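2 protein chains.
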Amino acid sequence: MRVLKTVKQVVEWRISNINTRTQSSGFVPTMGCLHEGHVSLIRASKNENEFTIVSIFVNPSQFAPSEDLDKYPRTLQNDLELLEAEGVDVCFLPSAQEIYPQGIPLDVKEQRGPFVSVLGVSEQLEGRTRPNFFRGVATVVTKLLNVVLPTHAYFGQKDFQQFTVLKVMTEELFMNTKIKMMPIVRGSKGLALSSRNRYLCAESRDISKAIYQGLTAAASVIQTLEPGAQTSRSELLGKIHAVWAPHVTAGDFTVDYVSVAHFRSLEELEYVSRTNDVVISCAVYVQDREDKTTKVRLIDNVVLTDERGA
Amino acid sequence: MRVLKTVKQVVEWRISNINTRTQSSGFVPTMGCLHEGHVSLIRASKNENEFTIVSIFVNPSQFAPSEDLDKYPRTLQNDLELLEAEGVDVCFLPSAQEIYPQGIPLDVKEQRGPFVSVLGVSEQLEGRTRPNFFRGVATVVTKLLNVVLPTHAYFGQKDFQQFTVLKVMTEELFMNTKIKMMPIVRGSKGLALSSRNRYLCAESRDISKAIYQGLTAAASVIQTLEPGAQTSRSELLGKIHAVWAPHVTAGDFTVDYVSVAHFRSLEELEYVSRTNDVVISCAVYVQDREDKTTKVRLIDNVVLTDERGA
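Protein sequence lines correspond, in order, to chains Z and P. So the first sequence is residues 1 to 310, counted in this note's numbering. So the second sequence is residues 1 to 310, counted in this note's numbering.
Hints are computed from structural coordinates only; laboratory data are not their basis. Predicted model, so just to flag it, every value in this text is computed and none were measured.
Pairs involving identical chains hold if they fit within one copy or between any two copies, as the list cannot separate such chains.
Restricting the straight-line Cα-Cα distance to at most 25 Å, the calculated cross-link-like pairs of lysine-lysine (DSS-like) are:
| id | residue 1 | residue 2 |
| --- | --- | --- |
| 1 | K178 | K8 |
| 2 | K292 | K189 |
| 3 | K167 | K109 |
| 4 | K239 | K189 |
I would like the entire structure built from these sequences, with the hints used as guidance.
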């Protein structure tokens, strides 16, 4: 595996090694701290393309000044060994200076240079509490896609809104990469894998499995509807909150949002039938039971549609 | 010459016809109403590349609701004949719906989809009176470059700030196209060619030549400085306004701005020596002498640097 640190090196490697007329390449952008979720993306890429490129870059522009950029987990040596073992061709490991030549202050008002915003799908859900998050994601993914020029890029369903933003971005900017979404990888008790899970003690991770259980309780209401029948938003939210209530009462969970939305427009739905394409998603702050100063924001979702992964 | 109206057609043409490993392509994006300025860009492209693609697209997103989108001059038949005569390979002639699949309302608050902003060089000069102009330019050029994927794209120096915005954008988003700037083409009396000149009667066009004469008066102050000597911003502005004053008094000119700035950062300079890289630029409203309801905003500039065209 080649570990390349500059844009120029990756572009030169790509031009020398990939014949774009006959060969495809898959790209998996990551922030490192790799887990089985990332591995599933890498294996999908390996399976579907001649070349697989993975980037590891903790992107400052998607963190707010108040967020965890500095303490975001970094496990570079393990990550590189994992990528090597998976047979990745190139790991792109740029510095922040390489990606943002004019620097990247966390205060948006001080930022200089090109930025990409995707209007209409960035403002709700994750965007409500993190107003510049998707601008940061869209910008860094644009940069990385232009460097790597992959045929396909792979993203996990856990960050469903991110997938939506990037799908709209690549399609409507006419980028030459197809964005693919792969299913959420979960631990044995259903907790979606996340680099941020490791902030939590074992007991709190165990409690956090209820996040997904709440979502599946709502999903099964939809899945068991008679053809033509509808359920309401309030019934679905009631099912979720019923599962979460003990943990909210105990102080383990603080709910940021729960959403029942159309899976493309991300517009909230008042009524849902079995044939609607819907995403039920949430963000929950989990209070760590061992370390009272630690509160971790976890996200999860369930997609109900035939188009999943399309 | 192929006239192609959809993104899909251009992408397919590109993939079938250009071997990117051995062949280069030049791209000239235009809003139509082609004149000798555009021809100079096309000839530069023809001279430097195996293939030349020209787009004609009056881009709604760079017009404010108050501006001249509807009456912007359109001369399609002439334009196509000119492109054919110049030996252009492909003319890309998309609809607004093709470029903006979610539609493109002129009210920015109603817009949906991906948009590219280039912070730091878009807010001053042209951006002061036209706050979303460069967002519109950067967005449409990103889309067009992704469709055409040219080796080089050609822009006129007349829109110097546009060149600066697009240079920063392509370099810092790592796009795979080099942006090239070609010198301003001027009429016999020095007036910079512009599609908007035709809004003016012959007498007002003749008067408008003074715009450039003012800029050259300031430029010659810099060019005749002793090595190590400086001139001040106020002296330069004085020279320009002395040339323009009769026309301001007569009601022909209303000055929007005059700028003496660093030619890369576009930051205003208080003092200038012969070795500074400087752009002297302006926008002037010209009152038409025949039609009192017509007032045309013209821009022009002089660049003093060895890097011109780099």
